Every structure is written in C-alpha cells, then in structure tokens.
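Turn these sequences into a full structure, and let the hints steer you where they fit.
Residue numbers (my numbering), protein chains in the order written: chain A, 13 to 488; chain B, 1434 to 1738.
Derived from the structure by calculation, the hints contain no laboratory data.
Since this is a predicted model, take the numbers as computed values, not measurements.
Treat each hint with caution, since some may be false.
To give an idea of the chain A side of the interface with chain B (calculated C-beta under 8 Å), a few residues [unchecked claim]: (1) 22; (2) 199; (3) 336.
FRET-style restraints, in silico, Cβ to Cβ [unchecked claim]: (4) B:1576 / A:55: 19 to 25 Å; (5) B:1657 / A:55: 44 to 50 Å; (6) A:201 / B:1544: 44 to 50 Å; (7) A:432 / B:1651: 52 to 58 Å; (8) B:1456 / A:44: 36 to 42 Å; (9) A:432 / B:1562: 44 to 50 Å; (10) B:1619 / A:113: 46 to 52 Å; (11) A:52 / B:1647: 35 to 41 Å.
Over 10 Å on every C-beta distance to chain B, these chain A residues come out as not near it, computed from the model [said to hold, decoys possible]: (12) 113; (13) 318; (14) 370.
Yeah, the Cβ is synthetic: ideal placement off N, Cα and C, and Gly gets one too.
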Amino acid sequence: MLFNTIDFAIFMPIIFLLYWFVFYKNIKTQNVFLVIASYFFYACWDWRFLGLIFLSSLVDYVVGLYLVKTDNKTKRKSLLLTSLIVNLGVLGFFKYYNFFLESFQEVFSLFGRSLESSTLHILLPVGISFYTFQTLSYTIDIYRKRLEPTSNVVSFFAFVSFFPQLVAGPIERASNLLPQFERKRHFNYAKSIDGLRLILLGLFKKMVIADNCALAVNEIFTYYPEYSGSTLFFGAFFFAFQIYGDFSGYSDIAIGSARLLGFDLMQNFNSPYLSRNLGEFWRRWHISLSTWFRDYVYIPLGGSQVSKTKWIRNIFIVFLLSGLWHGANWTFIIWGFIHALFFLPLIFKSSNAKFKDVADNNKLLPSIKTVFQIGSTFLVVLLAWVFFRAENITHAFLYLNGMFDMSLFSFPTVSRGLVLFLVVYMLFEWLQRDKKHLLEIDFIRSKPLRIAIYYCLVFIIFYFAGDTQPFIYFQF
Amino acid sequence: MKKLLSHISLFLIPILVIWILAEVFYRTVPNNYTYKHKQISNNTDIEVLILGDSHTFYGINPEFLSLKAYNLSNVSQTIYFDKLLFEKHIKQLSKLKYLILAVDYTTLSQADNTQEDIWRKYFYESQMDLDVPLIKWYNPKKYSLALTRKFDKTWQTCEEYHNKGTLIGCDANGWGNTYLSTVDSVEMNRLAHVVAKKHEDGSLDFSLNTERIQQMIDLCQSKNIQVLLVNMPSVPEYVSVLNAEKWQKIDAVCQLLETNNSNVTRIDLLEDKRFVLKDFQDADHLNADGAKKCSLVIDQYLNKL
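Structure representation (structure tokens):
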C-alpha cells in the first residue's frame, strides 16, 4: 500500500477513527489494534514476509528480556550475538546473498578458477533494512545498558511494526519510540494539524517533484549516449530532486501519519541541499540512518577521537557500509566511497562539525560565500548520485564521461519549466530554512491565506502530479 | 477532535464536489467504450470482427470490406481485452466468419497493467460490461471512474468534450480514423525513434499473450470462424530502430500459429512496399488514405479465403 494511493487515503482515516474513537480507552487494545493495522499494512505489500517481521520482533524481545537478567559478560555477548546473527543473517540472505556470491565468482574467475554455485531467485522483503536496523538498535542499547527492555510484548511488536515508518523509516530508536507505546496518547489538535500539513507536503514532494523528475531521469539515464553533456548534467540534477522528493516526501507522510495517531517520529530530512559542506549534508540527509551509523558503528570505532589515520578509516567504513546498506550493488558502494573521499578535506581541516547553525540566519538572501558553499556541496552530491542511479559501474562511468565533455557547455534539451519549478521550490526551502518543514506556516496570521496555500498545494498535486512511480527507498 | 473533523470536512467539501462532478461526467458522457459497446451489442449480424490496438483502430476501415464488419479495436487495447471482448460477444455474433487480430511489436510481450494505460481496464469493466479479473473487488477504483485518471487528464477530457461536443472518436463501424494528415520524412524519422522508445518494453516473453491468442483461435475453430493475424504496416525507420531479434521472434510465433491451426491465415503488411510515407499519420499509424489501402488489401485476402 503506497502512501500516495487511494488505498492509503481510505486506510488512514479508518485507522484514525477506530484508533481515537473505538480503542481510545485502553492503551493495550490501542496497541494491539496498531499491531494488527501494521501487519495488515505490510500484508498489502507481501503477506509472505510477515513472518520475518514477527521473527525479528520475537528474537529481539526475548533477547532484551534475557539481557537484563544477567551481568555475565559472556552470556550477554552471546545474547547480543544471537540477535545480530538472526537479524543480519536474514538481511544478508535476502539482500546480499546473490551479490556476494556473484562477487566471489568474479574474483575466482580473475584467478582462472570457477566457483561452482548458482544464484537464487530471491525476492527482497520490503523495508527489511529499515526494521532490521530498528530492532538491532533496541538490543544493542540494552546490551550497552543505555535502555531498559520492555516486558510488554504488544508494545514491542507495535514498535517494530508501526506502519507509518515500517517500510522506509525513519529508523526510530527504541529510546524515542518505544516509551510512546507505553504511555497513554492524548489527541492533540495542533499536532494533528501539523501531521496533516506534513502529509500534504509529503504528497507534494512525492507526486509533483519526484514523479515529474522521474520521467526525465528515466529517459536521460536510459538513453544517455544520445544526449549532450549538459543534458546529462540535468539528468543527474533531476535525479537529485527525484530521490529527495521521493524519500523526504515519504518521510513527511510517515511522520505526519504518526502524528495523527499521537506519535512523534524523528525528523529525517532538513533541507539537505542547502548544506554548506558534506558534514552538514549528512546531518540533514536521511538523519535517522546517518545517526544510526554514527551511534552504532562510527563512535564504537572511536569516531573522531582517534588518530587521523584511524579517523579516516572510520569515515570510510561508515560510508562504505552506508552504501552497502542501500543495496547489493557496487554502484552503492562507490557512492559511499565518493562521499567518504570528499569528506577527507573536512577531516584534514577538522571542519566536519562546522555549520550546525542555520545558514545566514535572519538574512533574506544568502551571501556569495554561502551560495558558493551550497553550490559546491550540491555538485559533489550530484556527482555521487550518478553512481546511485546507474545500473552498474560501467554505466555510471560512461554517463560521467558523456557529461564531462565540451557538450557540457551546450544548451540542454530538458524541460525548462521543470528546472524553473525546482529552483523556485529551493527558494521556498531557503526562506523556510529555520523551520522544521516547509509548511510550518503558523507565522502567517491570516487563516484564509493559510487555507489558500493548502488548496494551492492540493491543486498542484492533482493537476501536475507525474505518472506514479514506486518509492525508490522501498527497494532498500 | 470534533474541531479537527469539522475542519477537515469543510476543507474536503470542494474536493468532494469536484470528484462527484468528474464521476458524473465519466458516467454520463458517451465515449468510445460506451459507444462501441452499444454498437457491438446491437449488431448481431457482423461477419468480420476486427480486434487490436490503435494500429487497427485507425488502420482498418470496415467500410472498405465486402462483408459486414465491425472494428472493435481501441487505443492501447491489449490481447487481454481482445480476448475478454471476443469471449463476451462471440455468443451473439452468430454470422461471424472472420476474426481479424493485429499482432504488432508490443502485442505479444505487453503486460496487462502498463502504467500508462492502467486506467483503461476500469473503463472496459464499467463501460463495456466486461468482467475483468485484474480488478479486485476491494479496489476502490472499481467503484469510481473519476479515481482512475489523473486530474489533469480528466480536465483535458472535459476540455475536449467542450470543444468537440463529443468524446466519441470513431464512426458507426468502430473505425477511429479522422486523420488525413501526414508528415515529412525528417519528422517521420524523429517520430520513429520516439515511438520506438515508447514501445520497447525489453520483454521477449510471449508465452502468456500467445496462449491467449491460441485460446481465441481454438474458440474460433469450434465456431468455424477463420482467423486473420495481421502485422499492420509501419514506416521502415520504426521497424529498423526496434529490436531485430524480437521482430524475428514475433514472426516465428505468427508462423507457428498459422502452421499449427488450420483456421489461421497470417497477413504480413509490416514492411509492405505498397504503403508509402503519405499513407501514414505517424511512424506506426496509418492515416485515412492508408487505412483505405490497408482495408482493401485485407478485403482481397478475405475474398480469397
């Protein structure tokens, strides 16, 4: 069930009404209802993989209970290992089995040997990377004694399967989301209105920005040998907005839907294309994943509190793993490698933590320096997106080869309207850069004007929506 | 809570009104689907039935066939719907002697739910009274045609109705060609590439659609009806741009169907030299003159059978 379908437009109000009117009195029945609704939501994708969510939930619930009962280090480690093996084993099998097998076969063939093994036809369960990381964070936090396990099985199952963020995040931490299942939720008008705004904004980003960009991207990336360097540049430019609109739109709808049910999910995107360096970009792009890697990989490796050589190693490990998390393809690993590579100057200048404030705060227009910083960061990100979008590495290099020739300075054959539209959208993001989201417009005192803005967005969604495309991040 | 619900309700009222208006529009204004359904239901003495997509819809004019014919093809009509339509109407078409079925580049490989034309299946079900197994009972679009199309398309359709006064784009025989226009060779070359890109689905899996054609042939066999498999004319540039291996495979499937079934004759007009540039309105569609020529060629074949 996609968020931008009639099915969800029917599903969500039914859940909302039952949740607040029928199951409101008892928190336990409300949570049971959420588990059923979430499993139903997932079953609409593919009911056969419900067992995997159930298994992942059950293992981590039990491991959590046993972890708190013992102080024996060996026992605790073996319990953690059990959770890691089950969760990463399932993820590894479904997502990476064929990739590693094919890669090994290629390595063997380089040495003139053949590895006798055949790939399997494996379907990738939707959202497996997201809920696996979410449940893992629960076990790891308990192991580190940073979190008390829950004894409430219903709350835990609801936490793992919570439908708004089940298939594409945000990847929530148990410390943030689990307690919300264990306390009574009260309906809050302002929160619900904000949730509805986020849903509207998410639909706009997905259906108008992402789906319209997708048409151009599919054409240009499929037939790239036929296009000039400038058109290929805009192909990558459109993809940057396609993936941004697609994923941040999904996150907005997820966060908005959760708000309607009285939950607060973490912010997943914060105007990433206004970042002034890569460090800032990664604090603004897919925040729930980058903070996950920060907390569970980067910091345990020593983070930046080690020698520069080890710091660089840590950065490369995190980015390469992040690439691999996205998909079983070398293109994603190269994508991560490029980000790590362009991160190096920040390490040498120790400026990775720079720019934690809002750019040119209280100023209407950015300074030339800010424009240059934002532009150069965006160019690096755009370059890396070529690998993310390409079918394979050869395709990516050929695409870049076509992009960086003299035709880069020719006039591109792309929709000028779409380019203009994206530029205008970014101007609005700039104006709203100090807000949590673009539709946080309470500063507009006139209610009719606010309503007019909502209707305007509804009209744009209905009239200018592109052909429906699947959410990109569902494949991860 | 009451405040929220009342505000949402008020906000949604204009959207609901537009939805209802769109629904009324689709349900009341006649279009190709409603018109063809009415025509085929009332004409039980048809001797030649033409099925297929836009190539036959625009390309075969029943007026130039000696026998009484009806063109039941439609834009983007797949074999899936050809079969459903044929099975629905065969019982009443007691005089039917020939079934003309187009086999083009996309015919055998096309999926049942292509994104571009996914809305059409609801119109077939609702307006041509077909039972479409692809549509599940719990699909909301089954119950509302306004939900099946994007708003901009609905708006364009309303504009078309406003400007032309009708949405029916075919004549009483079901033929849909009102175009006499043609294009020069440079433009045709460009169109050939554009259309070829659009038609290239990358699939060489013909099994499902071939099986459907075979089932239709078997049904015809049992009713003593001759089947004409027609490869409709296209401009040479269009043919050459597309996958040669796929063309060969299409050719092989057509030959096999003809060889294995005594009631099947195949007419290959794909690169027939009788069709020249001025017969086409674009790379793969005949114009009115081309349709006349094509219909007369087919008529000759029918007379020989």
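query = Should the label of residue 370 of chain A as a non-interface residue stand, given a Cβ cut-off of 10 Å to chain B?
reply = holds (31 Å)
ask   = Was residue 318 of chain A rightly flagged as not at the interface, with every chain B Cβ beyond 10 Å?
value = Its Cβ never comes within 10 Å of chain B, the nearest being 49 Å, so this holds.
ask   = Holds or violated: 19 to 25 Å for the Cβ distance of residue 1576 of chain B and residue 55 of chain A?
value = Because 22 Å falls inside the window, the suggested range holds.
query = Taking the CB of residue 432 of chain A and the CB of residue 1651 of chain B, does the distance hold inside 52 to 58 Å?
reply = At roughly 57 Å between Cβ atoms, residue 1651 of chain B and residue 432 of chain A fall inside 52 to 58 Å, so the hint holds.
task = Take the C-beta atom of residue 1456 of chain B and the C-beta atom of residue 44 of chain A, compute their distance, and say whether it sits inside 36 to 42 Å.
result = Because 37 Å falls inside the window, the suggested range holds.
query = Do the Cβ positions of residue 52 of chain A and residue 1647 of chain B conform to the proposed distance bound of 35 to 41 Å?
reply = holds (40 Å)
ask   = Are residue 432 of chain A and residue 1562 of chain B spaced within 44 to 50 Å by their CB atoms?
value = Hint holds: Cβ distance 46 Å, inside 44 to 50 Å.
inquiry  = Is the claim that residue 113 of chain A lies outside the interface with chain B correct, judged by CB distances over 10 Å?
reply    = holds (25 Å)
request  = Tell me if residue 199 of chain A is really an interface residue toward chain B, meaning its C-beta lies closer than 8 Å to one of theirs.
outcome  = holds (5 Å)
query = Does the hinted range 44 to 50 Å hold for residue 1657 of chain B and residue 55 of chain A at CB?
reply = Taking Cβ atoms as reference, residue 1657 of chain B and residue 55 of chain A lie about 49 Å apart, which means the hint holds.
request  = Report holds or violated for the interface hint on residue 22 of chain A, using the least CB-CB distance to chain B and a cut-off of 8 Å.
outcome  = With a minimum Cβ separation of about 6 Å from chain B (threshold 8 Å), the hint on residue 22 of chain A holds.
request  = Could you say whether the range 46 to 52 Å given as a hint is met by the Cβ separation of residue 1619 of chain B and residue 113 of chain A?
outcome  = Roughly 50 Å apart at Cβ, these two residues keep to the hinted range, so it holds.
This entry does not satisfy hint 3, going by the numbered hints stated previously; all others are met.
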